[in-house]
Each structure stands twice: as C-alpha cells, then as structure tokens.
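Asks: Residue numbers (my numbering): -12 to 445.
Since the hints were made in silico from the structure, they are not lab data. It cannot be assumed that every hint is accurate.
Calculated cross-link-like contacts (lysine to any residue; reagent style SDA-like; alpha-carbon spacing at most 20 Å) [stated by the list, open to error]: (1) Lys308 with Val344; (2) Lys65 with Lys105; (3) Lys105 with Gln22; (4) Lys327 with Ile273; (5) Lys201 with Asp183; (6) Lys8 with Asp24; (7) Lys308 with Asp323; (8) Lys350 with Asp323; (9) Lys29 with Asn18; (10) Lys65 with Leu80; (11) Lys384 with Asn400; (12) Lys350 with Ile235; (13) Lys341 with Pro371; (14) Lys310 with Lys327; (15) Lys265 with His377; (16) Lys232 with Ile357; (17) Lys97 with Thr78; (18) Lys126 with Lys193; (19) Lys126 with Ile186; (20) Lys232 with Glu353; (21) Lys190 with Ile273; (22) Lys265 with Glu354; (23) Lys76 with Ser51; (24) Lys113 with Ile57; (25) Lys282 with Ser293; (26) Lys384 with Leu445; (27) Lys375 with Arg342; (28) Lys232 with Val344; (29) Lys310 with Tyr347; (30) Lys303 with Thr362; (31) Lys329 with Leu315; (32) Lys65 with Ile15; (33) Lys8 with Asn73; (34) Lys355 with Ile259; (35) Lys232 with Thr78; (36) Lys384 with Leu365; (37) Lys65 with Ile81.
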Amino acid sequence: MPELPEVETVINILKPLVVNKTISDYTIFYNRLIQSDIEDFKNIKNKTILSITRFGKFIFFHLSNNYCLITHLRMEGKFRYLTSKNIIKSTTLIFTFSDSTYLSFDDTRKFGLMYLTKEEDVKNVKMISSLGIEANNVKDTDYEKIINKIITKNKPIKELLLDQSIMCGIGNIYADEILFASNINPLTKGKELSSDNVITIIKNSKIILDRAIKEGGSTIHSFHPSEGVDGRFQVLLKAYGRNDKPCINCGTRMHKIFLNGRGTTFCPNCQIDYSLKKAIGITGPIGSGKSTVLKHLASLNYKTISSDDIVHSLYKEENVKRKISGLLHMNFDYFDPISKEKARNIMINNKEIKRNVEQYIYKVLEEKLIEEIKTSNLIAIEVPLLFKAHFEYMFKKIFVIEVSKEKQIENLNCRNEYKIEDKLKLNNDYNYLLNDDVIVIKNNSSLDELFKQIDSNL
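Generate the whole structure from the sequences, applying the supplied hints.
Replies: Right under this line is the structure:
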C-alpha cells in the first residue's frame, strides 16, 4: 500500500499535469469506488482543479465552487494522465478534461475510494475526522498527546504505528523502518514503552518519512506512483523486505513474522524481544566442557537442552536431509558413518559449503530454541557456535567456557574422539563478543572450581 511518501510523490507528479484543468465529464466503471452519494457525484462536472494537497495517505483535489474530492489509493490505486482516451482492465474511473486530456484511476484490487464533499465539510467526513497528527509533522506540543495514546495501550507498537488515529501516514514499510531505527521490537506493547521510547519513535518517523519523500517514495511489488516513474527509497530500506538477510548493523539474520496478518521484519539482536531474556546460554570451543556445565545446571533444576541433540534429531527429517544433500552436492545421511565422514571432509575443505550448511541449520535450530525458551522459565541451552549463529539475543546470560589447548585435547581423548586435529580444525574459527551478558568461565582446573564459577554467576 502506498504510504505518506508515495502519496506525496503522486501529488507532485499530478500537480503540473492537472491543476487548472476543468472536468468536463467522467465515467465510473466501478460504483463502489465512490463512497459519497453517487448521485451527488455529478456535481464534479465543470469543476476546475485549483490545487492538490495531502493529509496522511489521503489526497485532496480542491475544486472550484468550494468542492473537494477526497481520494485514497488503498492497496494498488494509481492515477494515469492521458492525452488520448485509453481504458484498461483495471480502470475504475476516468475523468475527461475540457482540453480533451484524461485522468484515469486504475485499481486492480478495487480497494481505492473517492468522496466528493464541500470544503467546509471535509473535516467532518468520518475517515478524515478520525485521523491523528501527520507522522512527519508532529510539533513539540503534540508529543504528550501521542505519548499518552501509546503508553496506555496493551497492543504491540507495530499495530499502534499503523493506527492512523494516533499518527497518520505510516504504513507497513515505514513502520518496520521506524522501529528498526529506534531499536524497538515490533512486539513490544505500548504500555511497556517509556516516554523517551515514544519520543525516539516520533523523531525517527519524521526523519525517515522526509527522506523517503525526498527519494520519491518506495517502489514495492506492484506499486508505482505513475506509469514509468519509480521511487528510489527502496534501495535504502534497512528492515522491510530484508527477511533472512544480515542486519546492516550487527549481522544477525533479519526475521519476518506476521502480526495481525501484516508481514513484519526486524533484527532480533538490535530490536530485543525481552520475553526471550530469561535463558542461560552455554558456549565455547569443542572439548571445553560445555556438556559438563549443562549437566551441572540440570542438577540445579534447570531445564537443559543441547542444541547438538536438536540438530541430530533434525538430521532424521527427510526435508532437512534433502536440503543438506543439495548444499553438499552429495547424498547426505548423518547416521551413515561413510556419508557423515564424507560430509565432514567436504566442509573442512570448502568454507563456502560449510557456511551454507551452517546457515541453513542455524535457521531451523533458531526456531526450535525460541519455542523452547518461550515455553520455559528456568532453562539453559548449550549452543557450540552461539556467536557465529548470532543467537546472542536469545539469552539473558551467556557462559563462555574457555579451555587451554592441552586441556581441550585431554578432554577429547577422554571421549575417545578420533581425528582430533580435524575436529579442532572444524572449530578453529571460534570467537565471542564480550558484553555485560557474557561471562567467561575458565575450565583449566578441577570440576569443583568449574562449578564454583558457574554458581557464583547464576
């Protein structure tokens, strides 16, 4: 659906083409386009277009004799200026001007609308009177009103940004962009936001909408502001339409969810979902003692999960086997020692294939882990490549188990691991990021010392 910047672009295209032209006739091809009394619509004849303005996503054709035609493009409505009459399948109305030029309104999905009224009655038309302040025109004196409308609501902020009675002009595209710029998760309830959060949203709304207007809006899917004219802002989008692509800020895979049927894309690391911030993550290089720590937490009544166990169970699923076979260019069967060894060697010797396999597994694993965390209150999860998979956002606390090379090899020998050097090579790119949620645990001494470190940091 065209949003405020796209509607502004449409107006800028139309002004030099139709302002000061007189409507000598019209033909309606779809009666439901007209929301006012269709019999009264005949009053549009012989009226001159004096100017065109906009409020939110609505277009106002200001006509002579104090008339105003209110228009909304809805999903795919488009105006088409013509020097010769050309009616196409999607044409729902066509205006004929006195100079024998034409303005067609084309709408494939037929959701667009028009409403003819007197200028003095415009503000009393329900769809106009219910509108809030324009999102890119909020004054300092408006802040308190908008803040109170948002922080008292039990709805997700994404829904509230789409509520035109709070701020008008924002649609799905720019709601995603505004929340990304504000580092706010779209599922965060209005009542969970602070006044400062809302002010940040308001300020980013103006910045992003004004920049989009400057770039001519966004050309998305089937929407073009005019025939042969495309917006440029879509190349600057940082959230919308970037599902599964790396976040431009942190590299985490962008997520797409559906909120009340509307696709919503966000970075789970930059836009934290605080309902996930209750799990403990355990990570570290191979042979560092992660499983030992997990067993210790189980003894403390934590629900414990090994992501390796989840991945092994995924390998049994036919769709997963087919996908990995395609990525490896071989018939993959994790439970066949020969196939498993061949796959291991391919990934050791081909970094691109290894990366593609890992990225696929990370995506499926991520969904499983989120489901486990959301349904548990006391949970600890072992994730060997937690940072490489960008899973940091899931955990309130992360234990990184560090181990010396000698201790690591000793641990692997105790597990009767073969080809230890190959295993170390598969894990030799292990690294982690330090922040307040990351706690480094040294495992170069006794189990008692290891558990003491864990217990003191719970």
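Asks: Going through the earlier hints one by one, which of them does the structure break, listed in rising order?
Replies: Result: hints 2, 5, 6, 8, 11, 21, 23, 30, 35 break, sorted rising.
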